[in-house]
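Colleague: Reassemble the complex: the two chains are provided individually, in unrelated frames, and hints are given to aid placement.
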Amino acid sequence: MATVTTEGTVGLGLRRVSASKLPDQSIKQVDQLAILVDISSCIGCKACEAACSQWHDLKPPLHTEEKIFTGYQSGPGLAPNLFMYMRFQEEETPNGLVWAITKYQCMHCSDPGCLKACPSPGAVIQYANGVVDFDHSKCIGCKFCLSGCPFDVPRYDANNKPWKCNFCIDRVSAGIEPMCVKTCPTNALHFGTKEEMLLRANKLLEGLKKRGFDKAAIYDPKGVGGTGYIYLLPHGDKPEIYGLPREASISPLISLWKGPVKLLGSIILWGTLLGAFLQLILFGPIKVGKKHKKEE
Amino acid sequence: MEEIKKLEEIEVERFSRFDRFVHWLTAVPFVYLFLSGLGMYSPKFAWLLPFLGGREFSAWLHKWAGVVFSVGVLLMFLKWAKDFILDSDDIKWLSNVKYYIKGEEEKLPEVGKYNAGQKIFGWMVFIGGAVFLITGIVMWFPESFSINLVRLAILLHTIAFIVVGAGFIIHVYMGTIGVPGSLSSMITGKVSALWAASHHPKWFKEIIKR
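Protein chains in written order, with UniProt numbering: chain A, 1 to 296; chain B, 1 to 210.
Chain B with its partners taken away, still in its complex shape (with noise of 0.2 Å):
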């Protein structure tokens, strides 16, 4: 018991300034994107368009937002696609994804600095947002290209919009109540060295090495 007490006094960090400050590029972006998004997706949410600034304004401000958002997934890109590349042991994780829902993590392989639900989620945003960039440009200057190539950008968008924001919506479940601490260590990029130990064994035997 005493070692655990101890581990959880320990702060190791988890994402520096520069991580920090790129989540959040995006994140804020991406919070405006999805609400004005939603309320232009359907009829039914188009309630939160006059709280997002005004209708008419919020669907100018989409297209800007998404260009900040646009770099940010860039510079994520950079700075996060070799750490999020799949290897086997993400696939086992994966095949056995039902032990982490039940929070069961002790059954799954050992988890490095990212888990394969994160990875994925990585890979989410990069393609969707390169399909956000592309097809939101094509939208944005209609008349500029032809009209089939518009109405496909539109569904392609879309569909984006579907997988992006349902990975958004558990990412955001997750990153708050699903996995205690995980807010925090995206805000003063710390976790306490328990949290990393039961969460991210892998990653932390790592740091510990050096």
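Just chain A, with the same shape it has in the complex (with noise of 0.2 Å):
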């Protein structure tokens, strides 16, 4: 993750860079990529969790004895070492009750609220596979990145650098499946363009509907354009089960903030220091005893 930079990822083109000149999209035309988690062919057996772990060297947390984390997650969470978990949750409905188990990790927005937000250019990249990755070596640890975040995801190491899921964009730029996709033995997890993925969900969403799952849909939020990660939902009404928010988008309160407020702030500022100086060519300072010069 901290071992590419902005400069050494031209060969895999680039879509957004945070704090810089949009890059010119002209010049690569590169697929967009997408996992397809189909929730109705999960069985829950952490083997992607495993292998994501595996694959980027992470030992995730223990627990100590003094402290024992119980259900039927690994973990409470994602953390720095940790970069996606499968999430577990009961719930009751009319039908019966419901195991709602998602792998929550890095949706890799196409609109990426972490990259509006982080003030440091090209700490946050999103590559023009629409892969959302972090440059540590260009980071000033601010962690804004987290508030920029509709999912709560990145996590940060003692250094206050982000971590989070990259897609495994080592093995898909040499052409190869992500981990998780690899390791998945229930093929809950596909990987192709966002196309192609989407062609799939189609699909496998006409045949949960037929066995009775009419409230399925698929998860891909408009509001940040739409995922890099996206999830077959048998029950489409209730995206909240599966620990997805119902409307995924970037707050209000950061577009306002990189928006209308740095605008206007950029326009008070500088009329500021243009009114000082028009002050001083077009009357001078404020000199003394020119009152009394003129009583005397």
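If you're looking for bench data, these hints aren't it; they were derived computationally from the structure.
Computed from a predicted structure; not experimentally measured.
It cannot be assumed that every hint is accurate.
Said to hold, decoys possible - Reference listing, derived: stretches of chain B covered by chain A, where coverage requires no fewer than 3 residues with Cβ under 8 Å from a Cβ of chain A:
hint, region
1, 51-62
2, 71-84
3, 114-121
4, 144-150
The beta-carbon is built from N, C-alpha and C at its ideal position, and this holds for glycine as well.
Modeller: Right under this line is the structure:
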């Protein structure tokens, strides 16, 4: 994650770079990548979670005897050294108990809030294929990326550097599937272009509906321009039970800050400087003794 | 003319040792906070950060400079808040501020130790300082607060930066070239009697009485 710098990613192509001009999109015509998570096929075995940690050389936090975490999950949630986890939630519905199992990690938003909030040029990058990544060599450790994220994803290490799923950018740029997809024993995870994955998701959705899941839906939130991870939810009317926000979008507070407030601020600050300069050249410094001289 | 020469030679104390110490205890961290904040506010000023010790270092020192700044503002508030209360003359002064800008102070109500502009900047620093401190703590530890509170804190911190930053630009201009003699008063503590009589006549009369 920390090893790539934007200068080193020219070959991959960039779609967006934090606090920088939009790169020219006409050079690289790259398909958007996506992973489809078919929740109806997932058995909650956590093989993807183990494979993720193995591939990224992570040692996820272990639980001490004093603080044992109980439940189906391996821990309470994401950690700087845990890029994804399986989320388990039991939910009572009129049709009986639902066990919502979700693979949870960075969603790789098409319009990433972390990138929008980041003040450091090049610290958050989105490759032309849509993968969102951090460049720790450019990160200043301000933690603004967390406030930009609609999914509460980045987690910080002791040096305030953020960590998260990077879509196995090293693997996908070499043309192989991400580690979680490779490991999944039930084909609940599919990897390909966004277009293909949406087609496949729609086909699976039809099947689910035939099996009686008439509320089933595809989760690809438009508020962030769609995501790199799309989900097939058997209970699509209740994304919350899967830990997914119903309306995922960049907070209006963030948009207000980066948009009108910043523009107005620049006008006010430059205007003040100009005003002081004009006072100086039009009227000059406010000197002593004018009144007294007149009195003399 | 002779009288003016005499007034020019007499020195009166405007700022005590404590005043000067508190001013610079607040001002030095603020300059660092303003410049490093500017580098984080806009990528067009990101080049400032390497000059402030490095990009990562300046973001780190920004927080601790903020702690020192907050102490300075608190002391300043305790020392000066009572002097910065606006009265009816100040309102008149403000509504005719155009004469001040033109350098025609004699057309304005007589000013005490601080004019209305200085008083308002004082309140900008007091209120702004409180906003900076509270929102800054939330931004420092974003994982310990609700995410929407962190977002609101960033927005308010930015707004406070714009307001206090604009005031700071005017303050620096006035304190250096805008009103000659001001900077040395904050260094030596002394102004000439002439300076006092022309910029702060009401205050000058008060000290003469003593």
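Colleague: Evaluate each hint against the coordinates.
Modeller: Each hint tested on the structure:
1. 51-62: holds (count 5)
2. 71-84: violated (count 0)
3. 114-121: violated (count 0)
4. 144-150: holds (count 3)
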